[in-house]
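Protein chains: 2
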Amino acid sequence: MKNVNIKELARELNLSVSTISKALHDSHEISEKTKRRVMETAARLNYVPNPYARSLRNRKSKNIAVVIPEVADSFFSLAINGIESVAKEKGYHVLICLTHENFENEKAILKEFKGGRVDGVLMSVSRETSQSDHISELISNGIPLVFFDRVCEDVATAKITTDDFESGYKAAKHLIEQGCDKIAFLGISKSLSISNKRREGYLKALSDHKIKADTKHIILCTNDAKQNYSLIKKLLQEKNKPTGIVASVEKLTTPVYNACMELKLRIPEDVKVICFSNLETASILDPPLTTITQPAFEMGKTAATLLFNALEKTNFNLINESLVIPSALEVRSSSR
Amino acid sequence: MKNVNIKELARELNLSVSTISKALHDSHEISEKTKRRVMETAARLNYVPNPYARSLRNRKSKNIAVVIPEVADSFFSLAINGIESVAKEKGYHVLICLTHENFENEKAILKEFKGGRVDGVLMSVSRETSQSDHISELISNGIPLVFFDRVCEDVATAKITTDDFESGYKAAKHLIEQGCDKIAFLGISKSLSISNKRREGYLKALSDHKIKADTKHIILCTNDAKQNYSLIKKLLQEKNKPTGIVASVEKLTTPVYNACMELKLRIPEDVKVICFSNLETASILDPPLTTITQPAFEMGKTAATLLFNALEKTNFNLINESLVIPSALEVRSSSR
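Each protein sequence line maps, in turn, to chains A and B. Per the working numbering, the very first residue in the first sequence carries number 1; after that it's consecutive. Per the working numbering, the very first residue in the second sequence carries number 337; after that it's consecutive.
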């Protein structure tokens, strides 16, 4: 009798791959009834579940992959250093694959891995990624995967994140304490976990301080530098323009500074700025940039350590291993 | 009869792999006598030369590798974008592998590729790389390789570089024209082509302007940020301290600025600074940084285009395809 894979099982049951994966992992999010239905059909169709598929594989590529949107962001170059510090000790090679924030690229890269090219994957999803079947499928093919920073909540595996909600809150609260009452938020994605949580934290800080959020001050930036510059310039030319800006990713720093320069707005006198950033040059900018600094190296190192645990230990279950490592507010002149 | 590879051929002849490779490629650097000796021994031992080995291979991994020292340097992240713009069009995946400036890492990565994991390689060597047998061997295994930026002169293949000598000259000449007569040069390697050529250009500019170079002003930086900061601080505390600095790589920017800040030296009044850099934040630093800006995207794109020509065309010889793309001097306040 032919085995079925998780995709075929999902099709048979008319459920998503994520739901099947969660049901098979006994997740509390899935009803007992659905779990029973999944288990019965899995048995009937001879589905080969995860741990068995895993033991069938020949783990000897001695490669792990890091799948990330880009490397121009300092967060990722530092996280890679953390990952490589562990991989080197284990005698593994690290292959870095870039999605360039594109969902189709991300799917194509993960598809490549099914052939056994890599033993495990560390991943931060693209800004376009809003569904996760391509990831659940890879895991079901016996390739362990650990998320870091940008995660898919509905995939049952370890997630190493930072305290995005608290950091968004902390950033906005800091600007409020510096006297700002009109604070803009620059996001980069509608679906991305980090962008949404940072925005929610920002909104909570505003409401806790009885400040009404202005929807015009919540900007969705793109992956195009010129377009972001125009969006920010437009924001700063509004009649009711913000006196503070929370930028949710590093690459928004230069367009914010340039737009202020162009419009002859002084930082921090006219606009106070805080950015989620690991820029080495933050302290030598004009003015020095206040940042929410993520524990990038630590996050990469922790994610890689978990992945190797999954590769080396038979009883290690990644599902129980998520971890949040806090970011730090570093106050400099751009917000004082 | 067993075939021999290039390494065995080199051992038999007591010559280096590079020499063998050049002799087989009819290089003008090798004497006719040596060429004849190599050809005879190759025939006797049944050596399978390059083009034949290449046609034997099954090119279907649909992967190319980019082997570079790091991704924290903006030059490399921009070059990767150039490379990926070509690879995507060709339907290829790009695997990025980092040497972290370590020669042993570099050798281990290239060794991995012999198994056919990748169809071709784009490479910028580590700061420690002073010999090239590991690279010649890979090429002799039928895997085409194109250098970009940091090259091994003695490997017979395409090299995409920028005008390092001219740029070093231009940088020093600019500082001289701004009134500096004591100019320091911060290098990063004794063996690296880019570092040496930039230094030679700097030295030529000094001698053309009748300025005697002070050997104490030529600093060899390391791969350790803290150590570089100390070296630069020490340089700026000397009795005969420089009034101008040419920094040969981007990552020296922050330690130079921080050392000046710490020593209360004003840029550009006390020390003028120019740096080889593609930093996006160059224009928003305090003060804005004068740079030699490399054509990073263009260099990556050109190198990748040549590599795909070698993969797709039977009569295409990478040896004839080296190219120099000029860098640009962008004058900002740090040197005025």
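Do not rely on the hints blindly, as some may be mistaken.
Said to hold, decoys possible - Simulated crosslink set (SDA-like; lysine to any residue; CA at most 20 Å straight-line): (1) B:Lys569 <-> A:Glu280; (2) A:Lys60 <-> B:Lys450; (3) B:Lys587 <-> A:Lys90; (4) B:Lys575 <-> B:Gly515; (5) A:Lys251 <-> B:Arg453; (6) B:Lys447 <-> A:Ala213; (7) B:Lys518 <-> B:Glu536; (8) A:Lys90 <-> B:Asn438; (9) B:Lys424 <-> A:Glu104; (10) B:Lys562 <-> A:Asn240; (11) B:Lys577 <-> B:Phe652; (12) A:Lys190 <-> A:Lys210; (13) A:Lys62 <-> B:Arg453; (14) A:Lys251 <-> B:Thr590; (15) B:Lys569 <-> B:Lys600; (16) A:Lys226 <-> A:Thr254; (17) B:Lys426 <-> A:Lys190; (18) B:Lys577 <-> B:Asn559.
Unchecked claim - Stretch-level coverage of chain A by chain B, calculated; a stretch enters the list once three of its residues show a Cβ under 8 Å from a Cβ in chain B: (19) 61-72; (20) 96-110; (21) 252-264; (22) 269-283.
Don't read these hints as lab results, they were simulated from the structure. Glycine included, C-beta positions come from ideal geometry on N, C-alpha and C.
Hint numbers contradicted by this structure:
3, 5, 6, 10, 11, 12, 17, 18
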